[in-house]
Amino acid sequence: MAVKNDIDPAAAKKTILDYCLKKGALVAGVADIKAIERIAPEGHRPSDMWPRAKSVISLGVGGQTQGAWHIPAKALGYFGSTEVRAYTIAYGAAFLIENKFGKRAIYCPPDMDTEAGPRVPFQSLKLHAELAGIGARSLAGDILLHPEFGYMYFASIFTELELEPDPPMQENPCPTTSCVDLFRKTGQTPCMKFCPVQCLSGDIDEDGNQAEMRYDMASCAEMTQQFESVPGVLADAIRAEDEEEREDLLFDAENKILWYKLSVGSGGLLGQCFECMRVCPIANQSPQADPIRRYETRMAAEGDDA
Amino acid sequence: MTRGLKRSQVGMSEEMIQTYGDTIFDLSHNLQIRRGDPVRELNWEEIEKQKEAAGISDVEIARKLGLTHDQVTYIRTIMERRRFNRHNYHRLYDLGGGKRFRTERFVPHPERFTFRPEAIALRKALDFDPRSASKYLKLGHWNGDTVSSWLDKWADKTPDAIAVRGPDGILTYAEQRDSARRLANSLLDIGIQKGDVVAIQLPNLAAFTTAYFGVLMMGGVLSTMHMPYRAGEMKPLLEHACARAVICAGAAENYDAPATMLGLRDEVTTLEHVIVASGDAPDNALSLRSLIEDGTSHAIENASVASDPAILCFTSGTSSAPKAVVHSYQTMLANNRIAAPIYGLTADDVVLGGPPFTHAFGLCVLNFTLMAGATSLLMPAFSPPGLIDLIENGKPTVVFVAPAHVAACMKSGHLDSGDLSSIRIATISGSACPPDVAYALEKAMPNGAVGQMWGMTECFMGLHTPFDGPADIRCETLGGTTPTFEARMVLENGDIAPDGEEGELEIRGCSVIAGYFNNADANRTAFTGDGWFKTGDLACRDANGSVQITGRAKDLINRGGIKINPVDIEAVIDRHAAVLMSAIAPIPDDVLGERACVYVELQPDNSLTLEEICSWLEENDIAKMKWPEKLEIVARMPLTPTRKIIKGALKPT
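So the sequences go chain by chain: Z and R.
With numbering that gives the first Met the number 0 applied, the first sequence corresponds to residues 0 to 305, in that order.
With numbering that gives the first Met the number 0 applied, the second sequence corresponds to residues 0 to 652, in that order.
The set of hints was computed from the structure by calculation and includes no laboratory data.
Values in this document were obtained by computation on a predicted structure and should not be read as measured data.
The beta-carbon is built from N, C-alpha and C at its ideal position, and this holds for glycine as well.
Some hints could be false.
Unchecked claim - A few chain Z residues that don't get close to chain R, going by computed Cβ distances all over 12 Å:
no., residue
1, Glu114
2, Arg118
3, Val278
Unchecked claim - Heads up, simulated PhoX-like pairs for lysine-lysine below, C-alpha to C-alpha not over 25 Å straight-line:
no., chain 1, residue 1, chain 2, residue 2
4, R, Lys48, Z, Lys33
5, R, Lys623, R, Lys650
6, Z, Lys192, R, Lys650
7, Z, Lys125, R, Lys50
8, Z, Lys125, R, Lys98
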């Protein structure tokens, strides 16, 4: 790779972030890699994956369409694949960095660490985004929220190119005034109240800021991450008392979905829950939280330009 | 298993998992706590302080606990498998789509409704030939109708129309549904479940119809017990049905039903509740009236569907292997639908059913009335003046009676003196009807026509005469097969009998049951496997297609429409000290059709009277209706080489 030595970091950063926005990212930024190294758990730092990484770029794309929030959870899961759009942009950005600036870059693998098993990602894309200033931790299990774009999917790029990091967001939009009001009355914010497994709890201080966020990830995962289902069904089938029970365990509609997902593999296993985001005012009501509002904003801006 | 390594390679034992499992689970990402917003604020002191609370990585846990990285990952993943409730994802099915999740509305799958094993076993009786079932469904003979859906239809459409008019009350369709709903909810409240059998021994009263609709509404299966039955007859039936509750009348002078049922509750393991329909319920029994009054009126959530079993009736025999007929809504109600054009019932009709609701014939009439939204005129007990009085005052437009009803009215003179002008059609059924009885009834109805119908519990109505046909067809034959049914006469050699020749009547159609519940022996002899039911009746068909019953292939005694199986009675009589062996066979009777005659071969140097036999039977809890009415002492019982009694050789003197 031909290394270019006359790179203007500020111009390069603008080029890369503009590329991300042009390709569909709602927001992008550069995280402080040194901060990531200090905060990320051992084994999940950028240096654990690629010691030569100098910068971490994070970008976010829009989540569900407004209509998607109104469909059953089992179908909503299929729309989670909008995150793939973020990965595509990240891959393109990494490609751009290598071609334009001659510096190695990788699209950060968003998947699980095969050594650690499911539920343990290689890297925390959430931490990257938070430090890049494109999202802040919410009471909803630390899901990142943005005051303008609401709830997003994130992707990261590691590169040898040194870029000036952005600061984290100045303000945390969570909790909103209405959430604080509900909390004062009931002791729960909407996300806490409507969680089907009550995996969220916490406290809000006198100033209306987050005092404590408690996330029982195990309870959340019990419902939405069914990694144990396939071997569990097989184990149950082996232990079945008779052929009828065995047939039910292997071939009833619910369990046949497992084989379908294994063989065809489209969408999530059953779908995610999303109840905390369904009721989140930031996820739903931020100025550009959904495509309809973004379209209206863009049209309004174009009208102003004209 | 970590990275494909075995426990022996990781250095792991079950004891280590037990020892460190909980700690590792809690230290890992499974519980995350954050105070304030330290990362966004880059508050390094807080970040460091809160690292453990936020969940630390496996390698960090390993260092903290003095385990290897592999051991921690192994234990964590094993603990996640063991702790995670896989069934929690069922909650996803209750999310979204305009619904807001409410914990109180969600019932985990393991806690959801489960049929009892007895209910599942009962469903095995609905084992239809798939080719026949497909045909009935395709042609629409079987559909989604239930008794409750029919009741709902009329309660919504004509809520103020009279559904039931009986001596214990008048109920409009709205009132009938409301009382049935309240009873249904009360039954659920006391622990009766969908699929449970609820037995009933009540005469034709509004209490019966409320119980019928209520039990079916909550998904129960109603099992009828004939009114003359006493503890000796009912115990094997309740056991066979695995009845969960029984509804009976209040105590009367000649029969303390509640006490009898409470006694049976101690003996029948599944029987939990005795519900008394009239008077005060004794201790340990429930009051039907209170259940109705105290019940809530909301609609039943897990209601019956058409393929569910609806009724369980016993055709004959009270021995250890009774013939239990289970009808689904599909087989039961299909019969009413397909026969409807013959009767032309409308909501304006008032229908008087002579047969008791404890018989399939009675229930068939009740369903017919419900289907049309007409009024059921109830007759709890029969007497010639009572029947004629009910007709004169209740003015039924449609009447269903047995030949014995008509014959008794003829003999008493009430048929000729009564005003039967309200009747437009009268159907005679239940046993073979002498033509003069049918002609006499038609003559007594200035505005009505007589028709005949043949049916059995196993199939409901299978043969009909058309009401607009000639009198000789209607009064002297059973007409042709019910629409969509098939009938054939089969010779002993298995060939189909030609017209005019006698054979055993076999019938096939959308209301024929698949088989008796839990009676493989009876099923082998009565069902062909491809939908044909061997009725046991001998019949022949004339060139015009009209069928006549000519005899009986079975030994049942048809006493005025009540089928009496002599086997149980013979067994009791055989136990009498003076009896060597006995056999009961029918003798013809002008009024009842048949009566029972007992033939006895005595022990040497003994004597016996009919009165002594009846006393013996009474001592042994045999219902009076089953007692023989004639005694013949025979010197030597005719026997086959295998010592079976040849009943055909027994003739009264």
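Of all the hints numbered above, which does this structure not satisfy? Sort the numbers upward. 1, 2, 3, 6, 8
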